[in-house]
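A.B. asks: One letter stands for each residue in the lines below.
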Amino acid sequence: MRIGVVTFPGSLDDRDAARAIRMAGGEAVALWHNDHSLRNIDGVVLPGGFSYGDYLRCGAIARFAPIMEEITVRAKAGMPLLGICNGFQVLCESHLLPGALTRNSDLHFLCRDQELIIENNSTSWTSEYSLGQHITIPLKNGEGSYQCDDQTLSLLESEGRVVVRYAGENPNGSRNSIAGITNERGNIVGLMPHPEHAIEKLTGPTTDGFAFFTGVLKTLVAS
Amino acid sequence: MARIIVEVMLKPEILDPQGAAIAAALPRLGFSDLTSVRQGKRFEIEVDGPATPEKISEVERAAELLLANLVIENFTVRIDETMRSEKSVRIDETMRSEKSVRVDE
Numbered sequence: 001m002r003i004g005v006v007t008f009p010g011s012l013d014d015r016d017a018a019r020a021i022r023m024a025g026g027e028a029v030a031l032w033h034n035d036h037s038l039r040n041i042d043g044v045v046l047p048g049g050f051s052y053g054d055y056l057r058c059g060a061i062a063r064f065a066p067i068m069e070e071i072t073v074r075a076k077a078g079m080p081l082l083g084i085c086n087g088f089q090v091l092c093e094s095h096l097l098p099g100a101l102t103r104n105s106d107l108h109f110l111c112r113d114q115e116l117i118i119e120n121n122s123t124s125w126t127s128e129y130s131l132g133q134h135i136t137i138p139l140k141n142g143e144g145s146y147q148c149d150d151q152t153l154s155l156l157e158s159e160g161r162v163v164v165r166y167a168g169e170n171p172n173g174s175r176n177s178i179a180g181i182t183n184e185r186g187n188i189v190g191l192m193p194h195p196e197h198a199i200e201k202l203t204g205p206t207t208d209g210f211a212f213f214t215g216v217l218k219t220l221v222a223s
Numbered sequence: 224m225a226r227i228i229v230e231v232m233l234k235p236e237i238l239d240p241q242g243a244a245i246a247a248a249l250p251r252l253g254f255s256d257l258t259s260v261r262q263g264k265r266f267e268i269e270v271d272g273p274a275t276p277e278k279i280s281e282v283e284r285a286a287e288l289l290l291a292n293l294v295i296e297n298f299t300v301r302i303d304e305t306m307r308s309e310k311s312v313r314i315d316e317t318m319r320s321e322k323s324v325r326v327d328e
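These protein sequence lines are chains X and R, in that order. Mapped onto the working numbering, the consecutive letters of the first sequence carry residue numbers 1 to 223. Mapped onto the working numbering, the consecutive letters of the second sequence carry residue numbers 224 to 328.
The shape of chain X in the complex, shown without the other chains:
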């Protein structure tokens, strides 16, 4: 299975995402922001980083990158799409996911190992987790506070579209401690913490993030 990883100018975590895909048994396919070709991929990851220097708003300019046109069409047709950190910000700016990410409530850039609760294990990316499972993976961002209006919030909650929630104290002022959400269909997932940095004991706090990548491969094989 071929999983694309998009590199925008300013992307940082594209190599880690590609490595996670390879370790999970997939073929990582490098995608360039300025191309239109999706190179026969079956799924795609928008990685973390600071695309276009976070100018204007995080993800606001990356949203209009040429590659996003094709990704948007395919994702709306059901292709698995995962946005991590800056990738989540791009998904919200693209309106592929509702809401927006704003400055952390205490203004600090947070960089730490964060405990999360899996709240939806029926998405294309989270099927290998059990409902209510606690995982710990790195969180590192300055603008990770998830905001949306009341109507969107109650819709996300009632439809079970909160995928991961911060355990314990809310680190950044996100509404309802939301760390990640999905679309109605469950193929598009965005989250602020970094599963690709927690795939092996040598470099990560845990291996808890690995199942995102084995999960999507299993989803693709089954479909």
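Mixed in with the good hints, there may be bad ones.
Claimed, not checked - List of simulated lysine-lysine pairs, DSBU-like, C-alpha gap at most 35 Å:
hint, chain 1, residue 1, chain 2, residue 2
1, X, Lys140, R, Lys264
2, X, Lys76, R, Lys234
3, X, Lys218, X, Lys140
4, R, Lys278, R, Lys264
5, X, Lys140, R, Lys234
6, X, Lys76, R, Lys264
7, X, Lys140, X, Lys76
8, R, Lys234, R, Lys264
9, X, Lys201, X, Lys140
10, X, Lys201, X, Lys218
11, R, Lys278, X, Lys76
12, X, Lys218, X, Lys76
13, R, Lys234, R, Lys278
Hints were generated in silico from the structure; no laboratory data involved. These numbers were taken from a predicted model, which means no experiment stands behind them.
Once you have looked at the hints, place chain R on chain X.
C.D. replies: Chain R only, in chain X's frame:
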């Protein structure tokens, strides 16, 4: 040439931690009567020819699509009146407007 100003502000219900941090710094500097700050963005956009309704509506579309994220932000569009005078005068006008005080009713 005309200049059109777009101002983007976080919606009132969205927390503005930067504005809050600035507001917290003011009393330390002796500005004890300034109670609240909200921080926004100002874009100065120049167009060829006069600021016709068509040009303004084009700027509004750019603001909706790119300059503002309507999920969390509002924007206003207006013509920069200081650009209407002659170029030689304009520099002075601009400088004056930089120092001028606008009272938001």
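A.B. asks: Does Lys264 of chain R lie within 35 Å of Lys140 of chain X when you go C-alpha to C-alpha?
C.D. replies: Holds: Lys140 of chain X and Lys264 of chain R sit about 25 Å apart, inside 35 Å.
A.B. asks: Between the alpha carbons of Lys218 of chain X and Lys76 of chain X, is the straight-line distance 35 Å or under?
C.D. replies: holds, 20 Å
A.B. asks: Starting from Lys218 of chain X, check that the Cα of Lys140 of chain X is at most 35 Å away, please.
C.D. replies: Satisfied, since the Cα-Cα distance of roughly 28 Å is no more than 35 Å.
A.B. asks: Has the given pair, Lys278 of chain R with Lys76 of chain X, been kept, meaning a C-alpha gap of at most 35 Å?
C.D. replies: Holds, because 34 Å separates the two Cα atoms, which is no more than 35 Å.
A.B. asks: Does Lys264 of chain R lie within 35 Å of Lys234 of chain R when you go C-alpha to C-alpha?
C.D. replies: Holds, because 13 Å separates the two Cα atoms, which is no more than 35 Å.
A.B. asks: Just to be careful, I want the Cα atoms of Lys140 of chain X and Lys76 of chain X compared with a cutoff of 35 Å; is the pair within it?
C.D. replies: The hint holds at about 28 Å.
A.B. asks: Taken at face value, is the distance from the CA of Lys264 of chain R to the CA of Lys76 of chain X at most 35 Å?
C.D. replies: The given pair, whose Cα atoms are some 32 Å apart, holds under the 35 Å limit.
A.B. asks: Under the criterion that the straight-line Cα-Cα distance not exceed 35 Å, is the pair Lys201 of chain X, Lys140 of chain X satisfied?
C.D. replies: Cα-Cα ~18 Å, so holds.
A.B. asks: Between Lys140 of chain X and Lys234 of chain R, does the CA-CA distance stay at or below 35 Å?
C.D. replies: holds, 26 Å
A.B. asks: Check whether the Cα positions of Lys278 of chain R and Lys264 of chain R lie no farther apart than 35 Å.
C.D. replies: holds, 21 Å
A.B. asks: So if I understand the rule, the pair passes when the alpha-carbon distance is 35 Å or less; does Lys234 of chain R with Lys278 of chain R pass?
C.D. replies: The given pair, whose Cα atoms are some 26 Å apart, holds under the 35 Å limit.
A.B. asks: Sort out whether Lys218 of chain X lies within 35 Å of Lys201 of chain X, counting only the CA atoms.
C.D. replies: holds, 23 Å
Of the hints listed earlier, there is not a single one the structure fails to meet.
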